[in-house]
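Number of protein chains: 2
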Amino acid sequence: MTDGFTFRIDARDGHARKGEIITPRGTIPTPAFMPVGTRASVKALSPDEIFQSGASILLGNTYHLMLRPGEELIAKAGGLARFMAWHKPTLTDSGGFQVFSLSDRVKITDDGVVFASHIDGSRIELSPERAVQVQGRLGSDIAMILDECPPGDAPRKDVENAMRRTTLWARRQITVERPAGQALFGIVQGSIHEDLRRVHLAEIAALPFDGIALGGLSVGEPIEDMYRIFHDIAPLMPAERPRYVMGVGTPADLLEAIENGIDMFDCVMPTRNARNGQVFVKGGKLNIKQARFLNDPSPLEPGCQCPTCTTYERRYLRHLFMSRELLIHRLLTIHNLHHYGSLMAGARTAIANGQFAEFKKSWLTPRDI
Amino acid sequence: MTDGFTFRIDARDGHARKGEIITPRGTIPTPAFMPVGTRASVKALSPDEIFQSGASILLGNTYHLMLRPGEELIAKAGGLARFMAWHKPTLTDSGGFQVFSLSDRVKITDDGVVFASHIDGSRIELSPERAVQVQGRLGSDIAMILDECPPGDAPRKDVENAMRRTTLWARRQITVERPAGQALFGIVQGSIHEDLRRVHLAEIAALPFDGIALGGLSVGEPIEDMYRIFHDIAPLMPAERPRYVMGVGTPADLLEAIENGIDMFDCVMPTRNARNGQVFVKGGKLNIKQARFLNDPSPLEPGCQCPTCTTYERRYLRHLFMSRELLIHRLLTIHNLHHYGSLMAGARTAIANGQFAEFKKSWLTPRDI
Numbered sequence: 001m002t003d004g005f006t007f008r009i010d011a012r013d014g015h016a017r018k019g020e021i022i023t024p025r026g027t028i029p030t031p032a033f034m035p036v037g038t039r040a041s042v043k044a045l046s047p048d049e050i051f052q053s054g055a056s057i058l059l060g061n062t063y064h065l066m067l068r069p070g071e072e073l074i075a076k077a078g079g080l081a082r083f084m085a086w087h088k089p090t091l092t093d094s095g096g097f098q099v100f101s102l103s104d105r106v107k108i109t110d111d112g113v114v115f116a117s118h119i120d121g122s123r124i125e126l127s128p129e130r131a132v133q134v135q136g137r138l139g140s141d142i143a144m145i146l147d148e149c150p151p152g153d154a155p156r157k158d159v160e161n162a163m164r165r166t167t168l169w170a171r172r173q174i175t176v177e178r179p180a181g182q183a184l185f186g187i188v189q190g191s192i193h194e195d196l197r198r199v200h201l202a203e204i205a206a207l208p209f210d211g212i213a214l215g216g217l218s219v220g221e222p223i224e225d226m227y228r229i230f231h232d233i234a235p236l237m238p239a240e241r242p243r244y245v246m247g248v249g250t251p252a253d254l255l256e257a258i259e260n261g262i263d264m265f266d267c268v269m270p271t272r273n274a275r276n277g278q279v280f281v282k283g284g285k286l287n288i289k290q291a292r293f294l295n296d297p298s299p300l301e302p303g304c305q306c307p308t309c310t311t312y313e314r315r316y317l318r319h320l321f322m323s324r325e326l327l328i329h330r331l332l333t334i335h336n337l338h339h340y341g342s343l344m345a346g347a348r349t350a351i352a353n354g355q356f357a358e359f360k361k362s363w364l365t366p367r368d369i
Numbered sequence: 001m002t003d004g005f006t007f008r009i010d011a012r013d014g015h016a017r018k019g020e021i022i023t024p025r026g027t028i029p030t031p032a033f034m035p036v037g038t039r040a041s042v043k044a045l046s047p048d049e050i051f052q053s054g055a056s057i058l059l060g061n062t063y064h065l066m067l068r069p070g071e072e073l074i075a076k077a078g079g080l081a082r083f084m085a086w087h088k089p090t091l092t093d094s095g096g097f098q099v100f101s102l103s104d105r106v107k108i109t110d111d112g113v114v115f116a117s118h119i120d121g122s123r124i125e126l127s128p129e130r131a132v133q134v135q136g137r138l139g140s141d142i143a144m145i146l147d148e149c150p151p152g153d154a155p156r157k158d159v160e161n162a163m164r165r166t167t168l169w170a171r172r173q174i175t176v177e178r179p180a181g182q183a184l185f186g187i188v189q190g191s192i193h194e195d196l197r198r199v200h201l202a203e204i205a206a207l208p209f210d211g212i213a214l215g216g217l218s219v220g221e222p223i224e225d226m227y228r229i230f231h232d233i234a235p236l237m238p239a240e241r242p243r244y245v246m247g248v249g250t251p252a253d254l255l256e257a258i259e260n261g262i263d264m265f266d267c268v269m270p271t272r273n274a275r276n277g278q279v280f281v282k283g284g285k286l287n288i289k290q291a292r293f294l295n296d297p298s299p300l301e302p303g304c305q306c307p308t309c310t311t312y313e314r315r316y317l318r319h320l321f322m323s324r325e326l327l328i329h330r331l332l333t334i335h336n337l338h339h340y341g342s343l344m345a346g347a348r349t350a351i352a353n354g355q356f357a358e359f360k361k362s363w364l365t366p367r368d369i
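These protein sequence lines are chains X and D, in that order. Position one of the first sequence corresponds to residue 1 (my numbering), numbered consecutively onward. Position one of the second sequence corresponds to residue 1 (my numbering), numbered consecutively onward.
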């Protein structure tokens, strides 16, 4: 394990675990949700607002950052956390997921990926080694291995090949030098096939990664299949290392994963949906543009203690949205991240009290709002 | 004068005055700059951030607010200040300026203005009486009369007719009932002609308005002409009432006007220019997209105590701008409003100390930055 990186569990409730990850830049209570700061910014939010939402770590996208402003500039600025004045733990993905979803003319071989930048079309190579080196320059507290993530409906043969390649790459990446204190997590593929997931988990868990992630979920597969993988695979992941599900999901998805023993999450949903007017509330969601909010003096979510709900009325928020005022993105993002932050804080308390099942049920119960 | 509305001067330095305006919703130290919150929002900023910039009053645009969300909704929400959670003094313009600059098929007669909304083309009438009534529903602390503002290059005959109509309307508007505590300011037209300005000032000052504004400046006329009007007309405005120059201007313009005895300002420049990357600094301005900031670890303006300058480096701000990240609008707007707020606070101190001329010179001296 990496020096300066520690994970300890201090409570369990069934498979669910409450604990903390300690990194040189700070402590992360788990289960933890990581807001996504794609281009070194959680869109429209200040570092204070991100922290006050309950987040103790955020995620940066290596693909975006290596293209602009480039990892060398961020290294000169003292690393991602310092560059964006966050000064707390960060995790970087490897860039692989965005290479596949955003760039053009992607060519993948056992040597790595070659692709055309979506910004200027320039030809870029990303080998497994370079993915780790770039994250070293970005100076995140937790780096992720470059993996191959097939689409949710990929044929079994393609999934098997992606697993083979991901393991090959994983073995090469674990030996790449990293800055002091930077942890490296492995990623398990295998799509919706339990047998493949088990095989791949064994291969990845055999390497001395500081944590293990499930990749290749929420990529188009039916939700029941994702839940089945949570249920069958998460409890088999090494208990003494943090378990992370990448790119997932709704509050229901997160609760389902926590119940099966997952510790970490990231997802663009609370931030991206906010920019479309979609607001998470206990038991469901609402869209601020609905006509019923035209003259509604209630807060976005009655009872919510976030800065948006304690300051503004729905009728004002709707006006801002309809008028396309910049402020609305910020106010709805604050609420949605606070929703996710409260979900995590509530889950931690519930696990400590042995009441996770009740907490999950109560959070998801639809209510009039 | 309106009950609950007071203006007192506590220091003078030449023509320059330092004082305060007291309204039922709060006290406004003068000289004062009012940030523009066009659609009930100073773009991208929270009320706290606006206040922390040094602003004690902000301006709302009646034209925009009457079209969306409508003055009735804002009245139901308790007025503009409460609607936007600002809870401090506000001033509303009459809507006239935007009618002329934004809407289509404008027809102006002695009865008022008829125009087509720029949002949906609907036909809207704005009489002088209605302009005051709408502002009564908006519940601003200071309302402005509907006036006719000719372009900066209008022939003298058109300027004279606009003056005639503005006086006609002013006499009708002063008798319209307003909510308790809401002040009403008159507006002086006359373009760049001193003789016309003097005549019109006498007509407007003869009515019991709570304050007097100079309109029709910064509408395309040469800057020397505007300064000449400041110099020749401002000292003639009634000394015991607040003096306001509408829609002006750069820091240099504001200092020039204060020197001649003006107390209040509004302008979109600090907020709008921020969104284009333009940053006000003492002695000039800079644009954050300039290549020289690529790896510059300095704050936006060394020595500035605004939240943006005490938190972020130029290289990060440039990255946000180049990546079109929403956060940049907020961070640059905070700095620019802080620049204007500091300019006003500095002017007040300098007037109290009898050092306004030195202050003005020092603020405008170009420096390497």
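Since the hints were made in silico from the structure, they are not lab data. Keep in mind that the hints are not guaranteed to be accurate.
[Said to hold, decoys possible] Think about it this way: if two alpha-carbon atoms lie no more than 20 angstroms apart in a straight line, the pair counts; the simulated PhoX-like pairs of lysine-lysine are:
1. D:Lys-285 - D:Lys-361
2. X:Lys-76 - D:Lys-76
3. X:Lys-43 - D:Lys-43
4. X:Lys-76 - X:Lys-88
5. D:Lys-76 - X:Lys-289
6. D:Lys-76 - D:Lys-88
Now the hints, each set against the structure:
Annotation: proposed proximity of Lys-285 of chain D to Lys-361 of chain D holds, straight-line Cα distance about 16 angstroms (limit 20 angstroms). Between Lys-76 of chain X and Lys-76 of chain D the alpha-carbon distance is near 53 angstroms, which puts this suggested pair outside the 20 angstroms criterion. Straight-line distance between C-alpha atoms of Lys-43 of chain X and Lys-43 of chain D comes to about 15 angstroms, which keeps the hinted pair within the 20 angstroms bound. A hinted pair counts as satisfied when its Cα atoms are at most 20 angstroms apart, and Lys-76 of chain X with Lys-88 of chain X qualifies at roughly 18 angstroms.
With a C-alpha separation of about 19 angstroms, the suggested pair Lys-76 of chain D and Lys-289 of chain X falls inside the 20 angstroms cut-off, and the hint holds. For the hint linking Lys-76 of chain D to Lys-88 of chain D, the alpha-carbon distance of about 18 angstroms falls within 20 angstroms, and the restraint holds.
In terms of the numbered hints stated before, the structure departs from hint 2 and from no other.
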